[in-house]
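> Sequences are here, hints too, so could you generate the full structure?
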Amino acid sequence: MSNYDLPPPDTHSETSVPQWTPPLPTYPPPTSYFSSTFDDSDSSSSTSTFGIIVGVLVGVFGLILLYGIWHKYLRKKCSKCGEGEGVLRWSAATNEVFECREDALWWARSVAHENGFVAVILRSDTNTACGANEPHVDSSDAFNTSQVFECREDALWWARSVAHENGFVAVILRSDTNTGSRGSTTFVLIGCEMSGEYRCRKKEFIRRDTGTRKCGCPFKLRCKLVVGGEGWMVKLICGVHNHELAKSLVGHPYAGRLTKVEKTLIADMTKSMVKPRNIMLTLKEHNANSCTTIKHIYNARSAFRSSIRGSDLEMQHLMKLLERDQYIHWHRIKDEDVVRDIFWCHSDSLNFHINKNVKAKCKSLIEQKNVWDYVMDCWGCLTDCPSEQQFDECLKKFKMACAPWPMFVDYAKETWIIPHKEKFVSAWTNKHTEIKASFETSTHVVGHVFKKTLYKRLLGMVSRYALNPIAAELERVDYASKNPSSCGCMVRTMLGLPCACKLSKYVGGCIPLDSIHMFWRRLSFSDQGLSELEVSIKDVMETISKRFEELDVCGKFTLRTKLWEIAYPNQNSMCPPPVKVNTKGAPKKAMSRNPRSTKRDPSY
1 MSNYDLPPPD
11 THSETSVPQW
21 TPPLPTYPPP
31 TSYFSSTFDD
41 SDSSSSTSTF
51 GIIVGVLVGV
61 FGLILLYGIW
71 HKYLRKKCSK
81 CGEGEGVLRW
91 SAATNEVFEC
101 REDALWWARS
111 VAHENGFVAV
121 ILRSDTNTAC
131 GANEPHVDSS
141 DAFNTSQVFE
151 CREDALWWAR
161 SVAHENGFVA
171 VILRSDTNTG
181 SRGSTTFVLI
191 GCEMSGEYRC
201 RKKEFIRRDT
211 GTRKCGCPFK
221 LRCKLVVGGE
231 GWMVKLICGV
241 HNHELAKSLV
251 GHPYAGRLTK
261 VEKTLIADMT
271 KSMVKPRNIM
281 LTLKEHNANS
291 CTTIKHIYNA
301 RSAFRSSIRG
311 SDLEMQHLMK
321 LLERDQYIHW
331 HRIKDEDVVR
341 DIFWCHSDSL
351 NFHINKNVKA
361 KCKSLIEQKN
371 VWDYVMDCWG
381 CLTDCPSEQQ
391 FDECLKKFKM
401 ACAPWPMFVD
411 YAKETWIIPH
421 KEKFVSAWTN
431 KHTEIKASFE
441 TSTHVVGHVF
451 KKTLYKRLLG
461 MVSRYALNPI
471 AAELERVDYA
481 SKNPSSCGCM
491 VRTMLGLPCA
501 CKLSKYVGGC
511 IPLDSIHMFW
521 RRLSFSDQGL
531 SELEVSIKDV
541 METISKRFEE
551 LDVCGKFTLR
561 TKLWEIAYPN
571 QNSMCPPPVK
581 VNTKGAPKKA
591 MSRNPRSTKR
601 DPSY
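The C-terminal position of the sequence shown is numbered 604 in UniProt numbering, with every residue numbered one higher than the one before it.
Source of the hints: derived by calculation from the structure; they are not laboratory data.
Mixed in with the good hints there might be a few duds.
[Said to hold, decoys possible] Think about it this way: if two alpha-carbon atoms lie no more than 20 Å apart in a straight line, the pair counts; the simulated DMTMM-like pairs of lysine to aspartate or glutamate are: (1) Lys320 <-> Asp337; (2) Lys214 <-> Glu230; (3) Lys397 <-> Asp384; (4) Lys295 <-> Glu285; (5) Lys247 <-> Glu388; (6) Lys421 <-> Glu388.
As the structure is a computational prediction, the values presented were derived from the model and not from experiment.
Printed below as a string of structure tokens:
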């Protein structure tokens, strides 16, 4: 009987006697059995998967927690801190101070080797730009103060003054004013001019001749309001500098800034044509500790001139000034708008140019040098004679002095004396001065006799020499009204003033300005007093308008532009030459010489 054959059960016996049963071999379960039990194990497998996920998450969280503890408390760090001059402290879970960087690295690697790992350098840097290797300067004692200042400007002035005494410049880094919103406070943060780092706005554009003063200086002060707002206090945040202090602040941009008073002084001296070096000497006399350089003077002069010019272009401003000061000017244009030549001259400078030309002619015609001064002295006496009677005597003396040189006498008479003596000889130009003085008197001085309603419209508008004949005619009004034929109207026909018969119509009212001739109403050498009836451009404008209609589009535009520039010279479209033109001396000619010559070129 094989091991696989089992004895048949005993169905006839009531009690079963235990019998020995051999062990059964273990085989894989049949396919039908596995298939029947698969659905029952599905719930147990999902439970085990959830447990695995939870375990993984707990493990990851534990690793993160351990890394955080290690990073904060157990990681070995090497940090620099300057204590003392030229000493660096490297701390790696020790209080030992090492002399140099190499000693600290050797100690860290030795300890790592003893603990079973290798220490390597992950990153290193040398702070040379900030001057960390230079001796540190502590200026805390100078800025420790309990003083309360009245206003913000006083606190800033004190901080800048103390900084100036210690050899550096204090600047405002940041400031704010309490506007009432949440988080806003009133303060001023002051730092060294070398604080912060330079930020290049255009990284691709870096000039070689530029640099920066910023080196990350940690010096900081904080100015804030005292509780209650009754003053300002200064609190020191950091008084250490990471750079050497300056021995002199000359050349520092902030230290050389000009005050409002100094800018006003420079503007006034610029108007008076004072040279920049003399302006600088004046500023040094007012403030011996001033750090202003000549560059600041030039910049202030340029800013002042730009403020005068305003939004006008250079040529527009020039034409405006020429018109305002009554200069005679003339110009030529190339390439439509580019100015080729421009010339201007004032009537007062005529005498200077005449003397220059006469002196040049004297030297060319008179060969004796010792006689030049004598001849020019006689010419000076001729031009400076005060009256016409003395002019004839001075002219005779001038002819006698220049008798050996008749060509020079003819040049002086025919070129200057005969045609232009009224323009430069004092005997005639002084008359102009007297006339100008009479104009001013007529404009601003009012006689007591003429403070009446009858003369109300004439005061300041008519010459005072015209009011006297009118007052004399006013006394004859009563007689002329009774005897009309006795008036004669001589004043009206000869002087252009209202006679007695005309004045009788204005008694009780005002004499109209139109009843006075234009001769008496002209109180300047210009044509401001002329009326439209005597000087009119209506006929000329009609002719120009007809010519304008005959032109094509380009011609119309050109004519309109020229008329506009004549009427408004400060709004012209002219521009200066793009390249600066050298106006000194004659143009140099190219030299033709042997190319093998060793003679040097002349200096220009």
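> Where does the structure disagree with the numbered hints, that is, which hint numbers, in rising order?
2 and 5
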